[in-house]
Amino acid sequence: MTGLTLTDEILAITLIWGFVFIYAVMGSMDFGAGFWSMVYINREKTNATNIANRYLSPTWEVSNVFIVALVVAIYSMFPRAAYSLGTILLVPGCLILLLLAIRSAFLVFSHTAEKYKSLLIYVSGVTGIIIPALLMAVLPISQGGYVVEMNGRETLSLARLFTSPNVYAFMAFAISSSLFLSSLLLADYSKTSDDMRAYDVYKRDAIITGPLSLISAFFIMVTLEREAAWIFDEMMKNIPLLLASAVCFLLAGIALIIPGKNGTRGIPRLAVVIAIIQYMLASYVYGRAHLPYIVYPNVTIQSGFTDPNSFRAVFIVYVVGFAILFPGFYYFWSLFMKNKSLQQREE
Amino acid sequence: MTVSDLVIARAMFGTTMAFHIIFATLGIGIPFMILMSEFVFLKTKDQDYSIMARRWTKTKGVLLGIAIPSGTIAGVSLSLLWPGFMEVIGRVMALPFQIEIYAFFIEALFLSIYVYAYDRISARARIISLVLVTLGALASAVLISNVHAFEGTPAGFRVVNGHIVDVDPWAAFFNPGFFVTAGHVSLTAIMTGAFVFGATAAYKMLRNSPGSRSYKFHSKALFMSLVTGGAIALLSSLNGHASAQFLHEYQPEKLAAAEGLFETQSHAPLLIGGTVDPDTKEVKYGVEIPWALSFLAGNSFDTVVRGLNEFPREHWPPLFIHTMFNGMVGVGMYSLLIAALGIIWIKFLKKEVLPKWLLWAVTLAGPLSVLAIEFGWILACTGRQPWTIYHILSTADSVTSQTNLGTLYLLFVLVYLLLGIAVIAVLYFYFKRHPLMNDLSNQTDGDDKNYTVH
Chain A
132 MTGLTLTDEI LAITLIWGFV FIYAVMGSMD FGAGFWSMVY INREKTNATN
182 IANRYLSPTW EVSNVFIVAL VVAIYSMFPR AAYSLGTILL VPGCLILLLL
232 AIRSAFLVFS HTAEKYKSLL IYVSGVTGII IPALLMAVLP ISQGGYVVEM
282 NGRETLSLAR LFTSPNVYAF MAFAISSSLF LSSLLLADYS KTSDDMRAYD
332 VYKRDAIITG PLSLISAFFI MVTLEREAAW IFDEMMKNIP LLLASAVCFL
382 LAGIALIIPG KNGTRGIPRL AVVIAIIQYM LASYVYGRAH LPYIVYPNVT
432 IQSGFTDPNS FRAVFIVYVV GFAILFPGFY YFWSLFMKNK SLQQREE
Chain B
227 MTVSDLVIAR AMFGTTMAFH IIFATLGIGI PFMILMSEFV FLKTKDQDYS
277 IMARRWTKTK GVLLGIAIPS GTIAGVSLSL LWPGFMEVIG RVMALPFQIE
327 IYAFFIEALF LSIYVYAYDR ISARARIISL VLVTLGALAS AVLISNVHAF
377 EGTPAGFRVV NGHIVDVDPW AAFFNPGFFV TAGHVSLTAI MTGAFVFGAT
427 AAYKMLRNSP GSRSYKFHSK ALFMSLVTGG AIALLSSLNG HASAQFLHEY
477 QPEKLAAAEG LFETQSHAPL LIGGTVDPDT KEVKYGVEIP WALSFLAGNS
527 FDTVVRGLNE FPREHWPPLF IHTMFNGMVG VGMYSLLIAA LGIIWIKFLK
577 KEVLPKWLLW AVTLAGPLSV LAIEFGWILA CTGRQPWTIY HILSTADSVT
627 SQTNLGTLYL LFVLVYLLLG IAVIAVLYFY FKRHPLMNDL SNQTDGDDKN
677 YTVH
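Protein chains in written order, with my numbering: chain A, 132 to 478; chain B, 227 to 680.
Chain A on its own, in the form it takes in the complex (with noise of 0.2 Å):
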């Protein structure tokens, strides 16, 4: 797969992989920021968990958008593959809708209802932290070898599924990026809310979890060469940019520790945006392995695409619409990321 031209089906599936790379950061903050919400509820003495919850509370719905955008851009786009995905995700896809549902509600509600606020948080937390490891699974099912043919259908086998331990290597790593990406952010946004506290809670966790992720990915390249060989070999023709991917992942953390203004240790944004080319890299590796493959062995790029006019129409949407939405969405980031005073005025 090497010298590819820029065809429709490229460009396509270019525009596919940037929808899951936004909506895997996003989602992980999201998910992971919930998750932290719960696990810092009873402590008195940090702000953590006011942290998280602001910095939940007007995005979980802009993150929810992605995924909806996700899927269509999907069928939209590769139709067959998603008869071929729709067909075989049916269990773990309702599962995912179900916890996502549970998950969204409840933490709505938490800010609602003063008087059972613990209780939802938990239930949303949990619900949140396993929807990003059975999101995960979808790329080990999509690698082949899960999917059984009974009676001239295809169906998911579950029981190789939850046997495999790839399948487990990826749910590892996204619990654990989950985790910390958001720890991360939550660090840079209690700093710029100079919140120092919280800032160490979160830069610590970051610490913690920052290796934990990276371990879960070694885990997953030695699985994935034992159960998807094919996948396994085109990776390790860009192991250049595997190394720097790893790179990113030191420097990230050495942005956590180096002096930062004012006396304090760290600079955390900068370590966000390291960690996000990290990720970046990564994901670029394992996409461009992946190809021409959606679906493995049946389905291609080629034989999923949809029709050409289609797609023409489609393309030009995207354009526009993303052009028409660029200044809402400069207006919502500096409403609530950016600007520090308004960030503190809600305390």
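Mixed in with the good hints, there may be bad ones.
Covered by chain A, per the in silico footprint, the following chain B stretches (three or more residues, Cβ under 8 Å) [what the hints assert, rightly or not]:
#1 289 to 299
#2 323 to 329
#3 655 to 665
Just so you know, the hints here were simulated from the structure itself, not pulled from any lab data. From the three backbone atoms N, C-alpha and C, an ideal C-beta is built for every residue, glycine too.
Got chain A sorted already, so can you dock chain B onto it with the hints?
What follows is chain B alone, placed relative to chain A:
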């Protein structure tokens, strides 16, 4: 795939839609009513309208906790339960889903801004945010309903030897059903929002003594809802008439089933009430208005309306949709009448105190209008059976090849029950702890932030 798996898949998706549609409809109607309150507040400077807007915003925020995940379930389970259908939709009719994402983004972004930044932004920015929220919600509804319109009047492609060719995505988008469906869905959603708003006010007026501060507050809300609801109900009755004529032209078997008409005829009667028996081809206990159906379908008594006998029995939709049709139209008429009575009472008779029977009648209009939305969607979707795409793709060919859906269905029903009970409890206890009197006595406190998380 046995029949029962198909039935379970339909039940599963139907349950999701029946649950989601309540929140989706209120998701349009309530921000519209909040917008009305903000407008009236801006015009009259009467603080009551501002308080109204804020309390309804709180409700909207809570309902959103269900609206968004249930909408996500609906969107994703289309692919999980109906992969055969979504493969065709993906090829031909992807645009509405694509554009809907942007509408959804606009709604989510500006709702967050309106709710969480309420007192950081200017009054003008609040109105603009609300307009964008309402427009975003309306656009979402119109776009998704357009997929439904396409299912009834497919356009923009041809099927040659089982392959889809000559795809024109914009022709599919502007299929013949687009405008009439969009209009009907938008109008009835706003109407439902207005009557739910009004029903709450009427119920509260029953609970407070006339002349009290609360009574006055709620009667303002009531009047605003009756005017909005009545005006929109009038418009949607005209639009409903257009919808019936549309069916006459494009989906005659649906109109025939909705009306229990077996024989093709001119001067066809309009059937009200009763049950339709597909085996004996008889209508029991109904009242027939001679010639009225022909007039309804084509504006003249000579219009020939096609009966069910013209179509093969296996293409008939279930005939209980006749009852759904009657229920929907009945509620529409009832709401219009009640709104007119209320307006006459308040505006023309200049009464400050409304009779109890009228308040009860308005209270009843709230749940009834939600019920009418359910009736309408059951009529629209069940009436299209046995097709997912009219005369092109059957429901049986659309469904997933997976079996044993029963357990999943049970799980969904349980989760919807849990969420349904939880949302009612959350709203009930919240407003119990934050009674209106607190807001009324704190009118000068501009920093009342219901939404801050502490």
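The hints, checked one at a time:
| no. | hint | verdict |
| --- | --- | --- |
| 1 | 289 to 299 | holds (count 9) |
| 2 | 323 to 329 | holds (count 6) |
| 3 | 655 to 665 | holds (count 3) |
The structure agrees with every numbered hint stated previously.
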